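A.B. asks: Given next are the chains, with one letter for each unit.
Number of protein chains: 2
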Amino acid sequence: MGMRSHFCGQLTKANAEQTVTVCGWVNTRRDHGGVIFIDLRDKEGLVQVVFNPDAAKMFELAGSLRNEFCVKVIGRVSLRDAGLVNPKLATGEIEIVAQELEILNASVTPPFQLNEENLSETTRLTHRVLDLRRPQMQYNMKLRYKTAMAIRKFLDANDFIDIETPMLTKSTPEGARDYLVPSRVHDGQFFALPQSPQLFKQMLMVAGFDRYYQIVKCFRDEDLRADRQPEFTQVDIETSFMSESDIRSLFEGMIRGVFKEVLDIELANPFPVMSYADAMALYGSDKPDLRVPLQFTELTDVMKTVDFKVFNSAANLEDGRVVALRVPNGAELSRSEIDAYTQFVGIYGAKGLAYIKVNAIENGRDGLQSPIVKNIDDAALQTILERVKAQNGDIIFFGADRAKVVNDAIGALRIKIGHEKGHASNDWQPLWVVDFPMFEYDDEGKRWVACHHPFTAPKDGHEDHLSTNPGLCIAKAYDMVLNGWEIGGGSVRIHREEVQSKVFRALNINAEEAQEKFGFLLDALQYGAPPHGGIAFGLDRIVTMMAGAESIRDVIAFPKTQRAQCLLTQAPSPVDEKQLRELHIRLRNNPAQLAEVKRDES
Amino acid sequence: MGMRSHFCGQLTKANAEQTVTVCGWVNTRRDHGGVIFIDLRDKEGLVQVVFNPDAAKMFELAGSLRNEFCVKVIGRVSLRDAGLVNPKLATGEIEIVAQELEILNASVTPPFQLNEENLSETTRLTHRVLDLRRPQMQYNMKLRYKTAMAIRKFLDANDFIDIETPMLTKSTPEGARDYLVPSRVHDGQFFALPQSPQLFKQMLMVAGFDRYYQIVKCFRDEDLRADRQPEFTQVDIETSFMSESDIRSLFEGMIRGVFKEVLDIELANPFPVMSYADAMALYGSDKPDLRVPLQFTELTDVMKTVDFKVFNSAANLEDGRVVALRVPNGAELSRSEIDAYTQFVGIYGAKGLAYIKVNAIENGRDGLQSPIVKNIDDAALQTILERVKAQNGDIIFFGADRAKVVNDAIGALRIKIGHEKGHASNDWQPLWVVDFPMFEYDDEGKRWVACHHPFTAPKDGHEDHLSTNPGLCIAKAYDMVLNGWEIGGGSVRIHREEVQSKVFRALNINAEEAQEKFGFLLDALQYGAPPHGGIAFGLDRIVTMMAGAESIRDVIAFPKTQRAQCLLTQAPSPVDEKQLRELHIRLRNNPAQLAEVKRDES
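Protein chains in written order, with our numbering: chain A, 3 to 604; chain B, 3 to 604.
For the record, the hints were derived by calculation from the structure and aren't laboratory data. Model, not experiment: these values are computed from the prediction.
No copy is singled out in the list; a pair is fine if it fits within one copy or between any two copies.
List of simulated lysine-lysine pairs, BS3-like, C-alpha gap at most 27 Å:
(1) LYS504 with LYS448
(2) LYS461 with LYS74
(3) LYS580 with LYS219
(4) LYS148 with LYS262
(5) LYS219 with LYS155
(6) LYS504 with LYS74
(7) LYS580 with LYS448
(8) LYS144 with LYS155
(9) LYS353 with LYS306
(10) LYS353 with LYS406
(11) LYS423 with LYS391
(12) LYS353 with LYS418
(13) LYS391 with LYS306
Start from the sequences and build out the full structure, keeping to the hints where you can.
C.D. replies: Rendered as structure tokens:
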């Protein structure tokens, strides 16, 4: 225990009359009735310490204590009188009557009080050391540790071993942008920080390690969104000789076990499984939040012939879609609420938000309230009401546009209105989404691109589509979704070199390019590569959800801002010219070289 | 278990008559008596599989098997006849009589057989995936995992939590060279990969986490030696409210526990403790290999006045030293052996290797055999023989030069001759080296530099030396040494801002520079920083020793060469011009810009 005999936050009635030594920080100080009280804080919590004036020298020293002073106290644990028990404090039944006080380190006045709320993110990240002292941040970091350790224990018990893969790797400009590291030894060459250990873990399978995992930093130099960081932590797993369903079964067991162990929460057993096609049809999303039961109703077919341009033009687009979203009790929505939702779907590109309020379905058209219903013929209207199973009190929203806009806009509306209007359950809804397409067509690049990554195996029997119609090819890929967040994803990998080569061809990567970028993988696959597959979980995101935090920055000790800066240490920063010289690089926009740069850029 | 019911290497007599499914690689194949035998290999070991010709189709398929084919076999476990038991194989009492064979993946002929020895490092690293299939490499990676997991369990039980610190950090050009990462968002600015999480872990202590650890990649862009890698793994630990001896006691307990758990080896309890001064005096090294009991005998004082220039000139140098190394039975060494040792110490800068063979000490000078003894007067000779406690049969070697040369040369000789000539024990000799100096004087830079790092606390009572004579200042620093390797090192840190500022001044770092480089630390120390300290262990090195491996590259799955290259993936490699543009850098030695570069360099 070092300098202390007990942690502040762990003292109880059982310690009464013991002499204890505690160390920690002055959380608050009160002077009351000629006595000084402090709440002393350590990582386990708070305890009240009392300084009586009869020990004059110590009392004087206690008088100099201010918030965040670091002190050591020796004292006797004393039961509080019944009337003075503080039920809000774990240690509220006792207090420490101080006998000795040592100020280990004074503190200047902190820029904010630890219990202040609504601090700006800039303040919090600039003074991160103080921010991390707050109980919520202490809890979050411990929760993160417990989660990671529960994962390690599960994997250990299931015969997985942690094998470290390199951080200084080869740049393969596919997918996201790499962080690059100039080589000093090899002039003009660069390492890349790994976006994931994907190829290394596959090579470990080929090397016969059978069951690998790693909790590992990965890097993507992308423009940051609220839930992204330049460096993020992945629970990276790979296994040989297991089928897709074996893998899914094992890892939903892992997540169930972690939630049970860390939060005492029971997740569904088994997790429901939904195809990508169904998820898109019913929820417009490949990561539906199943806490909201509202679903899309497909109307594209019937709207092709309806005499209402907004609907029929969308329905007749090659990539068009028309759907309805029925919201029970939505007929109560006010005009201004509907306006707000209309504005909301606009964020996702929707040009409007048509609706029908079902006031009295038994009255036919007269029982409906809607700006658009006059444009819809009786037969189509009848089909709509039947398909959505309309009931009095409903509002039916419509999305009609390119499928992507409809899915994004009405999908987001589904979740928003579901949570706002009491249609969401307040529980945990895990889900497997499976049967993803192998490829999607990139209209700009005029080529097929991999939905998951180019090492994903096609479903049995789908190999032939690789050369004939890649769009029909379904992958052995799976995402684990929880409450609308993708928390993990993986696939069975290609283990035969000839299939891998076919996939590269489907992706329009020619043999030379494949060899240059992935030669080591193609080479490895030739030596009896085993059937293998795996999954990667986003640890930051899982812990954010478990902590109920608003941002992944609240579960990372020293995060970057959305401008990819560390406000605490001021990284990134300029470096010495000598360092650049050693790395054989120069700044492009070095003011001294401006003329030359301009010539170069023109 | 996925596709298999059992691992090959775990089948025993207890499985006799069971039908099992195993997956793995063909390790060897023999055709004998019309029957095909293969040894099938998985991560747990080998098992013999028998294919009988009566199942004609399967037998034909088995006939196509070659080494490293990946297969699945269903068969019946059968006891071998007593005469056919293979005691060398864990599964040698049984074999599997195959009923079904599936070739999961064929293999081309590997470039080497897995049991080949003396493969070149280039071959091994180029074909690392196959190299890793070898039982020794499988063992090494598992040993590494077990070691790391034993460390995690110990730390978990002792209330430490793993907290991740950033990989993209601020460059502080102190000590080793940083790996830099250009920022895309911030033109002209760079992140650095961490050389260690030193400042972050100290900030976690200031933030009140109390007990932190991390098993984490660190980076140094140094010219590589045999036991160094650009990226290496550190077991990084920090704790608050513990004294130097508390910390040492806890972590020698950890290492003892790990050796016991992983290798069933009992290390000394407690570890011996030696001051830096004693270590240098007796062994010429701050990491003495105590398996070799031979010690230096100090002669500098007596040699100042001896009439033998080689000795007295060294003894009278300001930084000179003269020592003897007595080696029992060394009088037997041949002329050519002595020549070889003379050449060996030359590597460390020694200009020769004087010696005296003690053949018959009772005969005075006549009983000594030596090229130098004629130059040494009787009194000095007498002192030498008494000090080293010379006995018949000894050889006494001498080192006389600048202290550094003597320490390096005679220190290395001590270890070499000790191990070669039977003076070394074959066990594990742990040791704490303590009481390091805070600073050493850099003759080139004409300034004091930190021996450990500038955040190390001085011994109690040594603070005053900081401004008066830094050379007298002893640090609360400690290294853990095992068999002559430094496997861990740490210190109690400075927790008061005013002491930290004094140390910066002693290091000739002015206030402005200190603020720019370490402002966030100085700032953090002002808010009631707790007393804290820690240690970092080199995981690669510990596992290398535990595995009895020759190189740390044998305990790293995908290491770099000594030229900092990955031969498997060919990293580092050239990158696209587009990538460089996005990062606001250009190549200095881009051929197209050669003229301009030349102008610039001149």
